[in-house]
Amino acid sequence: MKMKPTRDGYGEGLLELGKTNPLVLVLDADLSKSTRTDWFMKEFPERFFDIGIAEQDMLGTAAGLALAGKIPFVTTYGVFVAGRAWDQIRTTIAYAELNVKIAGAHGGISVGPDGATHQALEEITLMRVLPNMILVVPCDAIETKKATLALASLQGPAYLRFTREASPVFTSESDIFEIGKSITLKKGTDLTLIGCGPIVYEALMAAEELNKLGISTRVINMHTIKPLDKETIIKAALETGAIVTVEEHQVMGGLGGAVAEILVQNSPVPVEMIGIQDTFGESGTPEELAEKYGLTSRHIIEASKKVLKRKTCRA
Amino acid sequence: MVFFSVDKLEPICKDIRADILRMTEAAGSGHPGGSLSAVELMTVLYFNVLNHRPQELEWSERDRFILSKGHACPVVYAVMARSGYFPVEELLTLRKLGSRLQGHPNMKSLPGLESSSGSLGQGLSVANGLALAAKIDKRDYRVYCLMGDGELQEGQIWEAAMTAAHYKLDNVCALVDYNNLQIDGKVEDVKGIAPLKEKWLSFNWHVIEIDGHDLEQVEKAYAEAKQIKGKPSIIIAKTIKGKGVSFMEDVAGWHGKAPNSEELEQALKEIYVQEGSTLKN
Ligand SMILES: Cc1ncc(C[n+]2csc(CCOP(=O)(O)OP(=O)(O)O)c2C)c(N)n1
Ligand SMILES: [Mg+2]
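Taken in order, these protein sequences are the chains called V and E.
At position 105 of the first sequence the residue is numbered 105 (our numbering), and the sequence of numbers has no breaks.
So our numbering is basically just the index in the second sequence, starting at one, shifted up by 1000.
Next up, chain E with everything else stripped away, as it sits in the complex:
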């Protein structure tokens, strides 16, 4: 596997951000906020962590990624395209009639997706099932699962938290995009989830807290999780919803709204501000 250094990953993250904005703008709808907050988590995962073969989708030993917060599929589609699963141009078909890139992930239409999602709270259970199967068959693949912080209000997550710990699924690595926003506002105002670290610790998980936009910390967190034996790991990544676009950052209203063409232009300028546009299709 090619390993990408941090200075190689930085421009890729910019392209991923640009992809998210361009595809949602082209679609006229979609979820940029929670996609932008997960860019570093997803980019490091797809480029440096996952043991996968984008050209051999059925490879049975591949690591699996389950997107529990299905609405954030733009970031996943973008990292998939950029890591070789399908042509980058296809991103612009998002949400259009006949597109493989459905508004929420459909594994039947887009090979390479490991599950269909969009109804929140279910992904960790699915990840556990995949991990349990690996244990039964004594296979080495790992299973990653991205959840939103608002999503943690779903009871099923905590059922799954107990299942993973009970069956000692150390091949599960959960990720929380801790951007402190959901649709109706701040998570702590809608229905608080703090103290989050203590909750997962008391559920017998190994907990790693990081700044989810710091590529080095993200790298280290994945490496640490891989070393943990006998219990599942969770990376609680502090993030900013809408990260990278000044007018979207930390604004709940950008959860499920696409930028218009002027907003897109402004956003792309900000993303590529230092070295000018490197945008390529």
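Bound conformation, chain V alone:
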């Protein structure tokens, strides 16, 4: 399996946009190497602006650029953009529906040794509550590149979440990617795993094991959190009767919360949520942390068995 961090997909996407779309500008806040915007900077220095360690100012500057018809991609770590500049994003950008693309790097606990301060675990919650916002959490480098390109050709504010560590590249260039349209990676009738981000690969591994145990498991890559593909979620609930959400993010207000909101209003079925359970992260290797915080395929299998028990109790 080829391994590559999703941030590389972002860097490649920007490079392509540099060639194809003269309106695209890139802004960073002193993290260009880490976020991969330096690739764009080297090719298109006149369209790259380092705003320094000033995230709020960076979002405001991007707002102005968007008002003048540019397509600014503002980039830094998720904690510093979704958290620190949330008010700027809310009032100056989302309220006015400005065409600013926000790229949050270092999403999730897999950031590892840097510890809790740098592991963004809240961006899905913070961004999906904003009207007009589009929110995409791609599952591998190929999908991240596609998402980067797709967001550039879409009008309006958007947030793209990506990660630091190399992760499996399991989609292919030819797969169709459409914002707002989830992708069913595996068919199944007993249970559905709905995930976003690189952890979708763990869901796929879990599904393989479950299928071996005779549990027919559907897997959905919910790469767009907003607008959420409600129809597919409701259909999965009606057809499989049990759901496990899978994310490397707080389940509270995250993908888990979002899916639960849809289900309770439309087709309630038992749900288990794999993700961060209302705690901060800590330093460690990504593997150690995934194990400790319950984010591996083994944890997904356990949650699946649990949700199936709840399903049969109800029936």
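In short, the hints are calculated from the structure, not lab data.
The calculated SDA-like cross-link candidates involving lysine to any residue, where the alpha carbons are at most 25 Å apart (straight line), are:
no., chain 1, residue 1, chain 2, residue 2
1, V, Lys187, V, Ile234
2, E, Lys1135, V, Ile53
3, V, Lys19, E, Ile1136
4, E, Lys1231, V, Glu46
Simulated DEER-style distance windows between Cβ atoms:
no., chain 1, residue 1, chain 2, residue 2, range
5, V, Leu23, E, Leu1057, 18 to 24 Å
6, E, Lys1168, V, Thr285, 41 to 47 Å
7, E, Asp1189, V, Gly180, 50 to 56 Å
8, V, Gly156, E, Pro1087, 28 to 34 Å
9, E, Lys1168, V, Glu287, 44 to 50 Å
All C-beta atoms in this analysis are idealised placements derived from N, C-alpha and C, irrespective of residue type, glycine included.
Got chain V sorted already, so can you dock chain E with the ligands onto it with the hints?
Chain E with the ligands in isolation, oriented as in the chain V frame:
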């Protein structure tokens, strides 16, 4: 562009003051204090400085004005109406359900506004972005941005101050309504910002200090800022909060409180004291 002489601008300023009071009175809420202090700055800007076409809002070469201190929108709505953006009668819909004149500026509801604001400290960054885009595209428009003095306590302003100087945005002209009042009292008591001129100078800005109620000085300051090349300019305008209404002047309590009908009547009398009421809709 028609140029208005000072003696033409004076009565317009009176009408703008009256508008601010009448619209906040009609709304029963709003921010008269920091609107009244910026009347001369805004009137000169909209009538004599901005290269704009109120009948052609999307004209791409227009100068831009960003209201950073969004709560002072009554003065902006009034100068917009008086300079032809929309009918003056619409001012009285301020803050009412369905009005285009939201309590804080919403560019989506009122075409002609260049940004949405109300959360302080953000406008200068937006102005910089617009100015940077002009530099990239080699376009000549200028960008103006009005900030409050209390607002300068926001850290983002100083981030933006560095950005504008670093990118040599000489097409940015910032304005400070230096009325020395914020909500909790005098700016120097709440958290002092002095010495203000030295701060901006040390951030590599061209600084112009004026009496913000003296129309001639305001005119000159805008003209001077336009000549400065290679760095952004800031006009620090010494003003009086609530200017023009004796019981509102320099009183912190009139920051976010509307006059009642008697107070409005009294205020209008004071404004039009010399030549009697010229108030027209
Ligand atoms: C980020 C933010 N914090 C607080 C407020 C509430 N607020 C509105 S106006 C104001 C005082 C502003 O004082 P100043 O900038 O001096 O404005 P002026 O005196 O010109 O009215 C405050 C604290 C706000 N609108 N935005
Ligand atoms: Mg003040």
